[in-house]
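Quick mapping for you: the protein sequence lines, in order, are chains A and B. Counting from 1 along the first sequence, just add 638 to a position and that's the residue number in the working numbering. Counting from 1 along the second sequence, just add 1 to a position and that's the residue number in the working numbering.
No lab work stands behind these hints, which were simulated from the structure alone. Check each hint, because a few of them may be wrong.
Unchecked claim - Computed list of lysine to any residue pairs in SDA-like fashion (alpha-carbon distance at most 25 Å, straight line):
id, chain 1, residue 1, chain 2, residue 2
1, A, Lys886, A, Ser962
2, A, Lys911, B, Asp87
3, B, Lys129, B, Asp87
4, A, Lys1003, B, Asp372
5, A, Lys911, B, Asp376
6, A, Lys1015, B, Asp87
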Amino acid sequence: MLGWEFPPLFSGGLGIATYGMVKAMSKRAKIRLVIPNSVPSNDLEDVSIQGLNKITLEEINLERLAYSLPALGADVSRIPITLSPYHFANQKISKSTINEFELLQANKGEVSDVHSIFQGEDAYANILQKIHLYTHLAAQLAADGDFDIIHAHDWVTYPGGVKIKAQSGKPLVLHVHALETDRSGEACRNGIYQLEKEAMDVADKIITVSEYTRQQVVQHYHIDPAKVGVVHNGIDPAPTIRKEHKLKDKLVVFLGRLTHQKGPEFLIETAEKVLRVYPRVKFIVAGTGDLFVHTLETSAYKNLGGKFIFAGFLSKAKVNELLSMADVYFMPSVSEPFGLSALEAVQFRVPGVISKQSGAAEVIKHTLQADFWDTDKYANYIHALLKYSALKTVLADNAQCELRGLTWEHATDKVLRIYDDVINN
Amino acid sequence: MPSVCLYFQVHQPFRLKPYDCFKIGYDRLYEDVDRNREILDRVSAKCYLPANETLLHLIQEQQGEFKIAYSISGTAIEQMEKYRPDVLKSFQELAKTGCVEFLSETYYHSLSFLYSKEEFIRQVVKHKEKIKEHFGQSPQVFRNTELIYNNEVASFAGDMGYTAILCEGLDSVLGYRSPNFVYHPPHNSAIRCLLKNYKLSDDIAFRFSNKDWSEWPLTASKFAHWVHRTAGNGETINLFMDYETFGEHQWPETGIFEFLKHLPREIRKHPDFNFLTPSEVVGKYDVKGEYDVHHLSSWADIDRDLSAWLGNSLQHDAMQRIYSLENQIKATGDEEIINEWARLLTSDHFYYMCTKYWSDGDVHKYFSHYDSPYDAYINYMNVVTDLESVVEEAVISQ
C-alpha cells in the first residue's frame, strides 16, 4: 500500500482516512505500507504559513503518538521525502534529512539525484521530479514482488503504483480520496489530471470515497463505471464531551483549508446574510490555505471583521475543543469527495449545514444540505439552527445514529471484497 | 339485517409557501396559493369530480337505497369556494339527493382537542355553520381529526350533543369482539361509537392495487362476498376511508372506479344487506358493549396513534409554540390574524415534520411537498416567527 504520512500536518482528511483504513485492514490482511517521511522539527523550519507558528513541537509529537505506526500492525517502510498531495503545502516543503536517507537506502537509489532535488531553489517546481524519485524508490522497495495487490492512495502515489504493477504483474487498485478536477475545476486538464487519468486507465479497479466522487471519475475522467467502486470512509469512535460555552454569541465553525475547493467565498457570503437576521453569532474559521489572506481581507472589507475569528491551523486537540463548543458546523464545499470533518462534527453533536456536492451529504442524511452556491438556503438553515433549539437536538441525535454504520471495519469488508474480485478476474 | 356504512374524508390544508428567514417581518402572505390551487385542480380532476359523479349515478340507480357520508374540512371547503366552486357544487348535488350525510369536525382539521378545548369548540361550531350554509344540514355525528379518539373525546362530543362519534376499531381494545357493532364509551351512554372495520376498509384504501397482495385483483363481487360473510356476526360494517382513495391514491387504471360502480349492486345481491348513513345506523342498532379507550388512538399509519403528528421533538416544539400564542392572537380581536393562526393548527403541517420513515421514503413523503421533515419544520417556524411579530405590532398599535 502506498500512502501518507501521519500525523496529518499537511495531509488533512487524507492522512486520517488512510491511517484508519490501514489500522482496520491490518487485522485481516498483511499490509506493507510505503509512506513518505519527515522529521517533525523539519516541518517547522523555514515554514512561514500563517497560523502554523502557533503549533508547537510538543503538540506535533503528541499527535504522532495518537497516530502511532507500531499500533498499525503493518510493515512500514519510509521514504524520506516530504510529499503532500496539496498544492499549497508543496509550495512550502521543508528540507529533508539527507543523512537519514543515506543511512536507510545506501545501496538503493541515486543519491546525487536526491541532493540536487532537495537543494533546488523552487521546491514546488520539483514536485514532479520528487514524484519520479518516490516512484523509483517505491518500485525498488517492491522489487521482490511478494504481495498480491498494489493499493495506491491519491495522485502522488499513482505513478508508483503503475510502475510496481508493470514490474510485478500484480493488480493495481487506486484509491481516490480527491481529484484534480475538485482542486482546480471540472474543465481542468493539467499535468496532474493527466497523471490521474493515465493511472486510472491502467488500474484494475478504482475505489472512490463517495458516490459523488465516483460520478466525477466516470464523467470527467471517462472511466467505465463498472471499474469504479465506492467505499465510504469510516470514523473511529471518539470520546466526545459537549462543552457549553459562556460566550454571548453563538458559534458557527468552518473547518478546512482556505482554498477554492472548500468554498470560503460562500462562507463569507453566507455569514453576511446570517448576520442580517441573527447578529449574535461568530464565525470561527479554523484552517489555512492559499485563500487565507483573501478571505481575511474580504471579511474586513465587508465590515464583518468583528464577527470572524481566524484561528489558523489547529491541532486535532484544539479542533476537538472547538467542536465541543460549536453550535453549527458549516461546510460549503464546492466539491468535497468526502468531508471527514463533517462526521467529526456529528460525533460532537454539532448539527451540520453542508454542501450537497460532498460525500458526507450522502452518508449523513440528517444534515441540512444545499447546493454549494446557495447561500440564501445556507443562511436560512443556519438561522433556523441558531433560533430553534429543538432542531439542533433532533438533527444531532439522528445524525449520531447514522455514524454507527460508518466504521473502518465496514470499509475494510468492502475493500477486501474488491481485492477478491480483482484477484479472481 | 346488516348494514354497510360508507364514510369518506375530504380534506385539503392551506399549504405554506417557501418562507425563509429573510421574509420574516416583511411578508405577510403565508399561503402557497399557486400550489394549493394546482393540487386542488389535480385532485378534483382525478378524484372529486369523477367520484362524485359516480356516486351520484349510483344513488340514482339504487333509487335511494345507496347511502354515504362525508366529512369535509373547513379548509377544503374554503379552497373550493376560492378556487373550484364547481366542485363544491357537485357536493351540493349529492347533498340534495337526501342520501348523503355530512359529519361534524374541527374546521381547521386540527389537534386542538389536545391543547385547547376552547379553540376546539370554536372550530367545531365554525364548521357546523359552514356545513349548514352549503349543504343545509345540522351534523349529528362527529369525527375528530384523523379519527383521533379516546374516552375523553367521546365524552366531550357527547356533551356537545352529538349522537355518535367515529373511531378506529382497535384490536387491542376489542379483543375477541367485532368492530361490526355499535358500542358506547364508558361513563357516557348518550353517545354511540361507530368503529372502523380496518381490515375491510384498508383492503380498498391501501391494498386494492397491490399486485403482491394475495387477494389481488379485488373485484366488487369478491369484496361483497367478504362483507356477506359477516352476516350473523355483525350489524354494521363501517368502511371509513380517505375520499382520495378513488382516483388519487388508487389511480383510475387500477379499476377503482369500476369497483365502486359495481359495489352497491353486489352488496345488495344479498337481500339482508343494505346501506345506511352513520345516523341511521345509530338509530337502528342497539349498543352491544362498551368500547374503552384510554390512550389516544387514530387511523394513521400502522401505529394508529399520534406519532404521525407528535412523534418527535420538532413536532412537539412547533405544536407547543403555536398553541402558546392563542391568548395573544385572540386578544388582538383581528379576524384575519386569528384566521392565519388557526390555519397553522391544521394537522398536515406537523405531519410533514414526521421523521418516522423519512430515510426509507414512503406514504409521508408522497403527501409532503417538502424535501425533508427538517425543511417542513424550519418553514413552519419561520412563518410562526413572523406571526409573532404581527401580533406584537397589533398589540403596540392598540
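Verification of the hints:
Distance hint between Lys886(A) and Ser962(A) is fulfilled; the C-alpha atoms sit about 16 Å from each other, no more than 25 Å. Between Lys911(A) and Asp87(B), the direct Cα distance comes to roughly 46 Å. Violation of the 25 Å bound is thereby established for this hinted pair. This hinted pair checks out: Lys129(B) and Asp87(B) have alpha carbons roughly 21 Å apart, not beyond 25 Å. At most 25 Å may separate the alpha-carbon atoms for a hinted pair to count; Lys1003(A) and Asp372(B) meet this at roughly 12 Å.
For the hint pairing Lys911(A) with Asp376(B), the CA-to-CA distance comes to about 19 Å; that is within 25 Å, so the pair holds. Only pairs whose Cα atoms come within 25 Å are accepted, and Lys1015(A) paired with Asp87(B) is rejected, the gap being roughly 39 Å.
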